[in-house]
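**Q** As a plain string of letters, each chain reads:
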Amino acid sequence: MSKKKRLFWYSFFGIFILMQVYPATQPEVIQDNPNDLLITSKVPDNIALMLKTACYDCHSNETIYPWYSYIAPVKWLVNRDTREGREELNFSDWATMSKMDQATALSDISDEVLEGEMPMEIYPIMHAEAKLSDEDRQAIADWADELTEALFD
Amino acid sequence: MKRTITIILPALLFVFSMAFIDDAEKIDESVVVNVTNISNLDMPDNIKSILDKSCMGCHNNESKSTKGKMKLNFDKFNDGKYSKGKQIAKLNAIVKTLAKGKMPPKKFIAKNPDRALSADDTKALSDWAKAQASALAGE
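Chains A and B, in that order, give the protein sequences.
Reminder that position 67 of the first sequence reads as 475 in the working numbering, one-by-one numbering, no gaps.
Reminder that position 6 of the second sequence reads as 1164 in the working numbering, one-by-one numbering, no gaps.
Read the hints as simulated data drawn from the structure, not as lab findings.
Some hints here could point you the wrong way.
[As the list claims (entries may be wrong)] When the alpha-carbon atoms are kept at most 30 Å apart in a straight line, the in silico BS3-like pairs for lysine-lysine are as follows:
(1) A:K450 - B:K1288
(2) A:K507 - B:K1281
(3) A:K460 - B:K1242
(4) A:K507 - B:K1206
(5) B:K1260 - A:K507
(6) B:K1227 - B:K1211
(7) B:K1288 - B:K1234
(8) B:K1269 - A:K507
(9) B:K1260 - A:K483
(10) A:K460 - B:K1258
(11) B:K1206 - A:K539
(12) B:K1269 - B:K1242
(13) B:K1258 - B:K1227
(14) A:K460 - B:K1254
(15) A:K507 - B:K1254
(16) B:K1258 - B:K1288
(17) A:K460 - B:K1225
(18) B:K1222 - B:K1206
(19) B:K1229 - A:K460
(20) A:K450 - B:K1254
[To be verified] Here are the computed distance ranges between Cβ atoms for each label pair:
(21) A:P474 - B:K1258: 22 to 32 Å
(22) B:K1269 - A:K450: 47 to 57 Å
(23) B:D1237 - A:I423: 55 to 65 Å
(24) A:I447 - B:G1259: 29 to 39 Å
(25) B:A1274 - A:K412: 46 to 56 Å
(26) A:P442 - B:S1292: 26 to 36 Å
(27) A:E525 - B:G1259: 20 to 30 Å
(28) A:I423 - B:T1224: 15 to 25 Å
[Unchecked claim] Covered by chain B, per the in silico footprint, the following chain A stretches (three or more residues, Cβ under 8 Å):
(29) 499-509
(30) 547-561
Note that CB positions come from ideal geometry on N, CA and C, so glycine has one too.
Assemble the whole structure, with the sequences as input and the hints as a guide.
**A** Here it is, written out as structure tokens:
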């Protein structure tokens, strides 16, 4: 190996190691969530399954962190998306939300899933099971719309 | 080998940096639409003029901002496309979005300073949306 090449690889791995020790906060995983949507509401099995596989990693306290989410720079991305996802909507806190906030959340779910805004494009790349077909998206939207109306009956 | 790295490394860095950047929204400032035809909501004149000034450029059927009209479309209050629950959901979303200071978008205001919401505008709009939502919900 030439001197230059060696210098390049040393600095490459040096930076990589530095990235790993740079402090990062991973959103906490909580398994016991008595206020969770799927515990407190009757959600059809097919919808519950889709929510679990396509949404719950970012929108609940039950995030399943894959091995690569412990390695920077992917770590930073996963931590950020999970933190922001929970801030926007956390299914684990469902029963603590007001009826109106539930309606707004359901309306956003319907709009964004139907328009293909959610799940985020990057997510199904590593989670093939989270890929939603058009029928899946329609089913989620219909469920969310129906539940929105039921809230104010 | 070296050449491959000099190409791949910046490319990877670019891809990662893209993931950290919020996608810019397309906003067409030229579109000015009036809300005067919205009859389904109880809308006093001061609210009408605030909406016309700061919101209706994007939140209507003809909007070129796909995201803007997907999130909120005032025409759909009137043409039956928003059910009762959806109307309540959208009105409550207005309250929440205003509270976070997320609307109108900063970029839009930078280009159109005269379309910014004053603190009084924001309060009036938020109070109005809250009252409308509560009335619809029967609270």
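**Q** Now, for every hint given, state plainly whether the structure supports it.
**A** These are the hints, each one checked on the structure:
Distance check on the hinted pair: A:K450 and B:K1288 sit about 29 Å apart at the alpha-carbon level, within 30 Å; holds. Straight-line distance between C-alpha atoms of A:K507 and B:K1281 comes to about 22 Å, which keeps the hinted pair within the 30 Å bound. Under the criterion of a C-alpha separation no larger than 30 Å, the hint pairing A:K460 with B:K1242 is consistent with the structure, at around 28 Å. With a C-alpha separation of about 27 Å, the suggested pair A:K507 and B:K1206 falls inside the 30 Å cut-off, and the hint holds.
Proposed proximity of B:K1260 and A:K507 is supported: the alpha carbons are some 22 Å apart, at most 30 Å. Between B:K1227 and B:K1211 the CA atoms are separated by roughly 16 Å; this keeps the pair inside 30 Å, and the hint holds. A C-alpha spacing of about 18 Å is found between B:K1288 and B:K1234, which places the hinted pair at or below 30 Å, so the restraint holds. A distance of roughly 37 Å separates the Cα atoms of B:K1269 and A:K507; the hinted pair therefore is violated under the 30 Å criterion.
Between B:K1260 and A:K483 the alpha-carbon distance is near 27 Å, which keeps this suggested pair within the 30 Å criterion. For the suggested pair A:K460 and B:K1258, the alpha carbons sit about 28 Å apart, so the restraint of at most 30 Å is met. For the proposed pair B:K1206 and A:K539, the alpha carbon gap of about 42 Å is over 30 Å, so the pair is violated. A hinted pair counts as satisfied when its Cα atoms are at most 30 Å apart, and B:K1269 with B:K1242 does not qualify at roughly 35 Å.
With a C-alpha separation of about 19 Å, the suggested pair B:K1258 and B:K1227 falls inside the 30 Å cut-off, and the hint holds. Taking the CA atoms of A:K460 and B:K1254, the gap is about 26 Å. The hint holds against a cut of 30 Å. A threshold of 30 Å between alpha carbons decides the hint, and for A:K507 with B:K1254 the separation of about 14 Å falls inside it, so the pair holds. The suggested pairing of B:K1258 with B:K1288 holds, with an alpha-carbon distance near 15 Å, which does not exceed 30 Å.
At roughly 26 Å between alpha-carbon atoms, A:K460 and B:K1225 fall within 30 Å of each other, so this suggested pair holds. A distance of roughly 21 Å separates the Cα atoms of B:K1222 and B:K1206; the hinted pair therefore holds under the 30 Å criterion. Distance hint between B:K1229 and A:K460 is fulfilled; the C-alpha atoms sit about 24 Å from each other, no more than 30 Å. Among the hinted pairs, A:K450 with B:K1254 is consistent with the structure: their alpha-carbon atoms are about 27 Å apart, no more than 30 Å.
As the Cβ distance of A:P474 to B:K1258 is approximately 31 Å, the hint placing it in 22 to 32 Å holds. Look at B:K1269 against A:K450: about 48 Å separates their beta carbons, and that is inside 47 to 57 Å. Evaluation of the 55 to 65 Å hint for B:D1237 and A:I423 yields a pass: the beta carbon distance comes to about 56 Å. For A:I447 paired with B:G1259, a C-beta distance near 34 Å keeps the hint of 29 to 39 Å intact.
With their beta carbons about 55 Å apart, B:A1274 and A:K412 fall inside the hinted range of 46 to 56 Å. Checked against the given bound of 26 to 36 Å, the beta carbons of A:P442 and B:S1292, roughly 29 Å apart, stay inside it. Range check, A:E525 to B:G1259: about 22 Å between beta-carbon atoms, so the 20 to 30 Å window is met. Taking 15 to 25 Å as the suggested C-beta distance range, the pair A:I423 and B:T1224 does not conform, at roughly 39 Å.
Note: the stretch 499-509 of chain A has 3 residues with beta-carbon separation from chain B under 8 Å; the three-residue rule is met and the coverage holds. Remark: the stretch 547-561 of chain A is confirmed as covered by chain B, as 6 of its residues place a Cβ nearer than 8 Å to a Cβ of that chain, reaching the required three.
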